[in-house]
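Q: Could you put together the complete structure from these sequences and hints?
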Amino acid sequence: MPRNTSFRSEPEPGRRCKTRHLWQAPAIGADRRQARPAGIQSLRSGPLSREAGLPPSVPTLKNDLVAEIAARALWIRRRSFQMVFEAQQGHPGGDFSAADILATLFFGVLRYDPSQPRDPGRDRFVMSKGHCTGAFYSVLAASGYFPETELATYMRPQSRLNGHPNRNYLPGVETNTGPLGHGLPVATGIAIAGQMDGADYRTFVLTGDGELQEGSNWEAALTAAHRKLERLSVVVDRNRLQQGARTEETASLDPLDEKWRAFGWHVEVVDGHDPAQLLAVLGADPRGRGKPLCVIANTIKGRGVSFMQDQVSWHHGVPNRQQFEQAMAELV
Amino acid sequence: MSALAERPAGRFDCRDSFAATIEALAEADPRIVTVVSDSVGSSKLNGFRTRFPERMVNVGIAEQTLVAVGAGLANGGKVPFVSAASCFITGRALEQVKADIAYSNVNVKLIGQSSGVAYGELGPTHHSIEDLAWLRLFNNMKLIVPADPWQTEQAIRAAAAHDGPVFVRVSRMPVPALERTDPHFEIGRAETLAEGSDATIIANGTMVHRALAAARILAEEGISARVVNMASVNPLDEAAIAAAAATGAIVTVEEHSMRGGLGGAVAEIVATTNPVPMRILGFPGFVPTGSAEWLMDHFGLTDSGIAEAVRQILVRKR
Numbered sequence: 001m002p003r004n005t006s007f008r009s010e011p012e013p014g015r016r017c018k019t020r021h022l023w024q025a026p027a028i029g030a031d032r033r034q035a036r037p038a039g040i041q042s043l044r045s046g047p048l049s050r051e052a053g054l055p056p057s058v059p060t061l062k063n064d065l066v067a068e069i070a071a072r073a074l075w076i077r078r079r080s081f082q083m084v085f086e087a088q089q090g091h092p093g094g095d096f097s098a099a100d101i102l103a104t105l106f107f108g109v110l111r112y113d114p115s116q117p118r119d120p121g122r123d124r125f126v127m128s129k130g131h132c133t134g135a136f137y138s139v140l141a142a143s144g145y146f147p148e149t150e151l152a153t154y155m156r157p158q159s160r161l162n163g164h165p166n167r168n169y170l171p172g173v174e175t176n177t178g179p180l181g182h183g184l185p186v187a188t189g190i191a192i193a194g195q196m197d198g199a200d201y202r203t204f205v206l207t208g209d210g211e212l213q214e215g216s217n218w219e220a221a222l223t224a225a226h227r228k229l230e231r232l233s234v235v236v237d238r239n240r241l242q243q244g245a246r247t248e249e250t251a252s253l254d255p256l257d258e259k260w261r262a263f264g265w266h267v268e269v270v271d272g273h274d275p276a277q278l279l280a281v282l283g284a285d286p287r288g289r290g291k292p293l294c295v296i297a298n299t300i301k302g303r304g305v306s307f308m309q310d311q312v313s314w315h316h317g318v319p320n321r322q323q324f325e326q327a328m329a330e331l332v
Numbered sequence: 001m002s003a004l005a006e007r008p009a010g011r012f013d014c015r016d017s018f019a020a021t022i023e024a025l026a027e028a029d030p031r032i033v034t035v036v037s038d039s040v041g042s043s044k045l046n047g048f049r050t051r052f053p054e055r056m057v058n059v060g061i062a063e064q065t066l067v068a069v070g071a072g073l074a075n076g077g078k079v080p081f082v083s084a085a086s087c088f089i090t091g092r093a094l095e096q097v098k099a100d101i102a103y104s105n106v107n108v109k110l111i112g113q114s115s116g117v118a119y120g121e122l123g124p125t126h127h128s129i130e131d132l133a134w135l136r137l138f139n140n141m142k143l144i145v146p147a148d149p150w151q152t153e154q155a156i157r158a159a160a161a162h163d164g165p166v167f168v169r170v171s172r173m174p175v176p177a178l179e180r181t182d183p184h185f186e187i188g189r190a191e192t193l194a195e196g197s198d199a200t201i202i203a204n205g206t207m208v209h210r211a212l213a214a215a216r217i218l219a220e221e222g223i224s225a226r227v228v229n230m231a232s233v234n235p236l237d238e239a240a241i242a243a244a245a246a247t248g249a250i251v252t253v254e255e256h257s258m259r260g261g262l263g264g265a266v267a268e269i270v271a272t273t274n275p276v277p278m279r280i281l282g283f284p285g286f287v288p289t290g291s292a293e294w295l296m297d298h299f300g301l302t303d304s305g306i307a308e309a310v311r312q313i314l315v316r317k318r
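Chains A and B supply the protein sequences, listed in that same order.
According to the working numbering, the first sequence is numbered sequentially starting from 1.
According to the working numbering, the second sequence is numbered sequentially starting from 1.
Calculated from the structure, these hints are not laboratory results.
Since we're looking at a predicted model, the values are computed, not measured.
One thing to keep in mind: the hints can contain errors.
[Stated by the list, open to error] Computed, partial: chain B to chain A, Cβ under 10 Å:
#, residue
1, 46
2, 47
3, 50
4, 54
5, 65
6, 66
7, 72
8, 80
9, 104
No residue lacks a Cβ here, since even glycine has one placed at the ideal position from N, Cα and C.
A: Okay, structure coming up:
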């Protein structure tokens, strides 16, 4: 059963995995009400949407779903930043650039049942940028994989919430990541298994952009295109900053869309902070595409907090109390 | 099914045994698939490809993706046998082996083909005498170094039956079929192929038949040397090592670096339980140009070389 019939041209038959609808999701905490944004328009009006180059036939979305995803993304930012503040460790810049992508996938695209995390028919999500566990664990908790209260144990001794995700500790984690360039090759194998079986599950990967400097991604890109893995999608969190500097000042990636096209992928470039755009490209029916999908999601590292946005120091910077309080005041 | 082609003088290529076994397993279990990196022929998987073309994934010359795709296939419910030259599937893809396979603890079987110095003259880039030292650090990965065609088949079957990561080191060096009174294979269990009380030779892989020949030489001199085939490097058969230590002297022999392999593994147990004199036979590091046979002769990994090591260690025996 499809998760979002409003995005798919038609329901896909035989999908076994139980659908988790938004309205079934657990409450995500008292601060959700505080966190709900005034309206989706404020997120859509950023500078990135102008260069997003969306295809003309964007389906009309239910505004309440888009607003709900935006609210979830805001909650992810707030919750993950609290985790980073309390642990005094983490990667908040990347948590914030990925928040809308994660919220869109988990609340608008993926089919999964958190009580059956190894259901063979589930859609797979592979978090290749494994350092951004603040956002990843937040979205897993909000999706019902484990209690939200457990987020308070982030990086504490014996916590399941290691700095990088471990599938043997935590449901919802498909493969252990942390070293970069590992997610796409593993996801390629998952998609091959599905293709062999004629299964209808989809496999999604979220990579950083600096991470694409790892050659293993391009090995896998060759194989995924060669095998026409249309049920495989990679989302590139294109925030243009890596740990030490801008990507384009380190080892240039542009023109990134042309690189993926040259490797045989179908490429979409969107505003990675606009759930409507993300939903349109990620929720589209992959059947007949004949190619894997690469979504280049233009984002801003540290998105949502004035003093963090587009600042390389916030790759793994951690806030003091004054910064934390200021950020929480802005993330509303 | 690939025939077990007999080599001259009753010698066998264990890759043939691997190929025959994987085809038989695949016939019975549709979950079994193979993953290769342009390594079909060198893995002797031509027969598998002919019979099960839809169940072979060839990623091209891309070992990182080779290993990672294995992890992904396991996620999708397959039982992948990932096969490539041992030097590349380990060294080139070591972080994938660590993170995607071992640390993720997934049901993937890695087959390191043509291990040791089998590629002889091609040189140290193509030798795989570091693989056991690297992989031994991954505590949850089973490591098996079979000694002959029968044990290769047993190792592949045991790997398929075990739910978790396994590495099987398959040699292309011609070896004889070993004689066994009580054939039995179990991961973590060593087999004693010759009884003895003066010293114990612990060997695996291509060195086992040489160790047996060394014991025969020594027997003529009145020296009683036990020969233990320690195919399972992880986990180790600690009881067999304790019994070896009880003979008072141990010589280990492996087609591997003398650093960190079988010898190192045995020494860790011996040194911390019942220290006795040990000799570790293997290669000292990067080796000069030469055929595999020449290299083994040169570094004393021969019947007479192993026998001499036992004589020497008996002098040090308390």
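Q: Now, for every hint given, state plainly whether the structure supports it.
A: Against the structure, the hints come out as follows:
no.	hint	in the structure
1	46	20 Å, violated
2	47	20 Å, violated
3	50	18 Å, violated
4	54	7 Å, holds
5	65	4 Å, holds
6	66	9 Å, holds
7	72	2 Å, holds
8	80	8 Å, holds
9	104	4 Å, holds
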